[in-house]
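J.: One-letter residues, chain by chain:
Number of protein chains: 2
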Amino acid sequence: MTETPSRVDLTTITSLCKRRGFLFQSSEIYGGLGSTWDYGPLGVELKRNVKDAWWRAFVWGRDDMVGLDAAILMHPDVWRASGHVESFNDPLVECRDCHQRWREDQLSEAKCPACGGELTEPRMFNLMFETYLGPVKDDASIVYLRPETAQGIFVNFSNVLTATRRKLPFGIAQIGKAFRNEITTGNFIFRTREFEMMEIEYFVKPDEGEEWYRRWVEESRRWYADLGVNEARLRVRDHDPAELSHYSIATSDIEYLFPWGWGEIQGIANRTDYDLRAHSSGSGEQLTYFDNETGQHITPYVIEPSAGVDRAVMTFLTDAYTEEQAPTASGKLERRVLLKLHPALAPVKVAVLPLSRNERLTPLAREVHDKVRRSDAIRGLVQYDDAQSIGRRYRRQDEIGTPLCVTVDFDSLDDHAVTIRERDSMAQVRVPIEGLVAAIKERLPG
Amino acid sequence: MTETPSRVDLTTITSLCKRRGFLFQSSEIYGGLGSTWDYGPLGVELKRNVKDAWWRAFVWGRDDMVGLDAAILMHPDVWRASGHVESFNDPLVECRDCHQRWREDQLSEAKCPACGGELTEPRMFNLMFETYLGPVKDDASIVYLRPETAQGIFVNFSNVLTATRRKLPFGIAQIGKAFRNEITTGNFIFRTREFEMMEIEYFVKPDEGEEWYRRWVEESRRWYADLGVNEARLRVRDHDPAELSHYSIATSDIEYLFPWGWGEIQGIANRTDYDLRAHSSGSGEQLTYFDNETGQHITPYVIEPSAGVDRAVMTFLTDAYTEEQAPTASGKLERRVLLKLHPALAPVKVAVLPLSRNERLTPLAREVHDKVRRSDAIRGLVQYDDAQSIGRRYRRQDEIGTPLCVTVDFDSLDDHAVTIRERDSMAQVRVPIEGLVAAIKERLPG
Numbered sequence: 001m002t003e004t005p006s007r008v009d010l011t012t013i014t015s016l017c018k019r020r021g022f023l024f025q026s027s028e029i030y031g032g033l034g035s036t037w038d039y040g041p042l043g044v045e046l047k048r049n050v051k052d053a054w055w056r057a058f059v060w061g062r063d064d065m066v067g068l069d070a071a072i073l074m075h076p077d078v079w080r081a082s083g084h085v086e087s088f089n090d091p092l093v094e095c096r097d098c099h100q101r102w103r104e105d106q107l108s109e110a111k112c113p114a115c116g117g118e119l120t121e122p123r124m125f126n127l128m129f130e131t132y133l134g135p136v137k138d139d140a141s142i143v144y145l146r147p148e149t150a151q152g153i154f155v156n157f158s159n160v161l162t163a164t165r166r167k168l169p170f171g172i173a174q175i176g177k178a179f180r181n182e183i184t185t186g187n188f189i190f191r192t193r194e195f196e197m198m199e200i201e202y203f204v205k206p207d208e209g210e211e212w213y214r215r216w217v218e219e220s221r222r223w224y225a226d227l228g229v230n231e232a233r234l235r236v237r238d239h240d241p242a243e244l245s246h247y248s249i250a251t252s253d254i255e256y257l258f259p260w261g262w263g264e265i266q267g268i269a270n271r272t273d274y275d276l277r278a279h280s281s282g283s284g285e286q287l288t289y290f291d292n293e294t295g296q297h298i299t300p301y302v303i304e305p306s307a308g309v310d311r312a313v314m315t316f317l318t319d320a321y322t323e324e325q326a327p328t329a330s331g332k333l334e335r336r337v338l339l340k341l342h343p344a345l346a347p348v349k350v351a352v353l354p355l356s357r358n359e360r361l362t363p364l365a366r367e368v369h370d371k372v373r374r375s376d377a378i379r380g381l382v383q384y385d386d387a388q389s390i391g392r393r394y395r396r397q398d399e400i401g402t403p404l405c406v407t408v409d410f411d412s413l414d415d416h417a418v419t420i421r422e423r424d425s426m427a428q429v430r431v432p433i434e435g436l437v438a439a440i441k442e443r444l445p446g
Numbered sequence: 001m002t003e004t005p006s007r008v009d010l011t012t013i014t015s016l017c018k019r020r021g022f023l024f025q026s027s028e029i030y031g032g033l034g035s036t037w038d039y040g041p042l043g044v045e046l047k048r049n050v051k052d053a054w055w056r057a058f059v060w061g062r063d064d065m066v067g068l069d070a071a072i073l074m075h076p077d078v079w080r081a082s083g084h085v086e087s088f089n090d091p092l093v094e095c096r097d098c099h100q101r102w103r104e105d106q107l108s109e110a111k112c113p114a115c116g117g118e119l120t121e122p123r124m125f126n127l128m129f130e131t132y133l134g135p136v137k138d139d140a141s142i143v144y145l146r147p148e149t150a151q152g153i154f155v156n157f158s159n160v161l162t163a164t165r166r167k168l169p170f171g172i173a174q175i176g177k178a179f180r181n182e183i184t185t186g187n188f189i190f191r192t193r194e195f196e197m198m199e200i201e202y203f204v205k206p207d208e209g210e211e212w213y214r215r216w217v218e219e220s221r222r223w224y225a226d227l228g229v230n231e232a233r234l235r236v237r238d239h240d241p242a243e244l245s246h247y248s249i250a251t252s253d254i255e256y257l258f259p260w261g262w263g264e265i266q267g268i269a270n271r272t273d274y275d276l277r278a279h280s281s282g283s284g285e286q287l288t289y290f291d292n293e294t295g296q297h298i299t300p301y302v303i304e305p306s307a308g309v310d311r312a313v314m315t316f317l318t319d320a321y322t323e324e325q326a327p328t329a330s331g332k333l334e335r336r337v338l339l340k341l342h343p344a345l346a347p348v349k350v351a352v353l354p355l356s357r358n359e360r361l362t363p364l365a366r367e368v369h370d371k372v373r374r375s376d377a378i379r380g381l382v383q384y385d386d387a388q389s390i391g392r393r394y395r396r397q398d399e400i401g402t403p404l405c406v407t408v409d410f411d412s413l414d415d416h417a418v419t420i421r422e423r424d425s426m427a428q429v430r431v432p433i434e435g436l437v438a439a440i441k442e443r444l445p446g
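Line order of the protein sequences matches chains E and R.
Using the working numbering, the first residue of the first sequence is number 1, and each one after it goes up by one.
Using the working numbering, the first residue of the second sequence is number 1, and each one after it goes up by one.
It is worth saying that the hints were derived from the structure and are not from the lab.
Hints are all accurate, no fakes.
No copy labels: a pair is met if it fits in one copy or bridges any two.
The calculated lysine to any residue pairs, modelled on SDA-like cross-linking and capped at a C-alpha distance of 20 angstroms, are:
#	residue 1	residue 2
1	LYS205	ILE249
2	LYS441	TYR384
3	LYS205	ARG62
4	LYS371	ALA57
5	LYS51	ILE378
6	LYS167	PHE290
7	LYS340	ILE420
8	LYS51	ARG379
9	LYS340	LEU234
10	LYS340	SER6
11	LYS441	ILE378
12	LYS205	ARG166
13	LYS371	ARG56
14	LYS137	THR184
15	LYS167	ALA387
16	LYS340	ARG379
17	LYS18	ARG165
18	LYS441	ARG379
19	LYS441	SER375
20	LYS441	ALA417
As the structure is a computational prediction, the values presented were derived from the model and not from experiment.
Required output: the full structure, derived from the provided sequences and hints.
T.: What follows is the structure in structure tokens.
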């Protein structure tokens, strides 16, 4: 498929996100905290929907997966055994003139990119945030904010196996926050110090590693496509052998074509038996699986699909952004901005709009709103909006990606029917109020 | 209503939780990390369901509420303005003999409760976890792990107001992790250093504070009751004036009768305009609301219902635990353990069980399982289990609170019907496979 550039630049999407309440700069009234973001009223719904769609596809929808939610604070020995205390470092350099800090491995020249000044020698900087558990601040009380959720899965391998009586192959899925004290951040919510991950550790017999690795690359890619991401802006990039992490024999990235170029939104790695062996040796507990067929204890291989929640949000937002020419009520053409979000992801599922703010329309419109909102079938926000002209309200809903608007007009008082307007086609269809919930449900797959 | 003691002790519930995969001690293979817990395959579903039920009731179900998801790391000035840097302290004493540490305000005597040794003078210990943002560890780079989610709401007050054009009264709801470096922890997941909160900041005109405070106390209590918690184990306790926090003019706790006695599961406070004024003064930004009717800028009062997610999980688990005598297949009476969880909270919604593991039954049972699992109408785990006798499998599902079992037997091959068994009554009803999803949906409210 031909590569299709993004339809939106970063400034436009960031500004829409702030104006409409998707994302705010964290602690903004105090000048903000570097590259940290708060999800606003619409953003929190979009993020919930992304996580729910993932959980539904990979946990509820499969026989071979269970969920987990491990704590952010773990025993520090976890990070010694995993290799993070020793090796989770980036080379840090500082400009002797302007004192900006950079990752040396990301610089193309030996001079400061900001001012051209001379840089210090690189020193290795560990990306794990440290804090102290208990009232005494000494080395013995250091704990780390987890830089990934994966290790919480590995250390619970035996607990999960015992409690669920699983057979290979099976996976453990987890969604949760992770923290990395990145030297450089940026591109909105793409690279931040606090972020959320959706990770699977999928345990297989060692000789099935390669096959499952390939399957997970394809299933991971398809998840974004199934949720509407344009496949011309998705690609799979296999890592060169030189790029591979110490624990991996094969890694692929799912990349999306952002306004600034291709960026990783998910990685899939064949981690072999590295992690289970490392924690067996670190803890003294045997993290193995008893294979009934061969009567032997084996250490499974692990395939890890690891995705960023915030990067997924960024992908869906960017990909959904559309500008087009559309006719106004008076027939004039005007610019229409819409988010073509998959209905499962849209923060507002349905907006109920009286044609105008009128004392005869309001009671019926409120009744319709209540009916739709109370229905079990529609899981998500159902908004009521009666401010400004109907045209303005349609545009407002388009801009936040609401798939359906339900309009209550003066005819509704007589025919007990309302109009459903579809976001993308702007097609309108008249349906009886009695069958409204079913008609909505039919148009909101997922 | 008469107080009804808990039906279960802490050891029994903790052991069930570990055995069936609700909760594991965090980093257990490394000896654990004090009072930190990981949610296992069933626990993660239960916790999701608790949070979803809350979000659905208080965000999706209301016209006067919007959601938010602020970052855990905030600008340190937030915690200076809120008073946490100065005053979020507990008095810490240490035993000079055994070196155990205690909260002085929780001791009834001046000697160590563990060994009777002499205690040190108390010193004030701040409960906020500190870490450093960026590579330099100095005072200027200290950030805190938030000890509550509330402040993320206050600092976003103006952003939310502008983006959503809300009128008073309205609330902002948030679910997220918080961290407190508690000196003493315990009672399973009741008091831990890392925990999750569900908080609402509800903004009202100052003269409506008292009325809304009373309404939120009742709505908060009712949420637990609506989800099945025995009202004889719920009570509202108003704080004495001497107990009140510095920001509050009235506080009530919703308490639950745990195996060890009454414990707070939610607090409702009238925080007045303390927080918005504190952040206006701390940041220099005016956090006010323009009242169209009077033409004046006012600082709203805030009513705060603040609940612990983990404490809610603990409440629902404890309250659902039931032991009773039930007949086996052979008519003998035997002890039956069941969790009478509300269907909306149950981790597994439906279990599909072939009468036995048999090559004629398996294909149809798998087909039924797929049909139920794929249905949009059932949101949650749908399990398939064919290991051991049908009686054992019913008991297994009872013990984890599965509301419905669907049994596929040899008659099913002919009559294309299956048996639905209800957890609490053990009543069985035969339904055609064609109408199975509808029959399940009817029995799974919420």
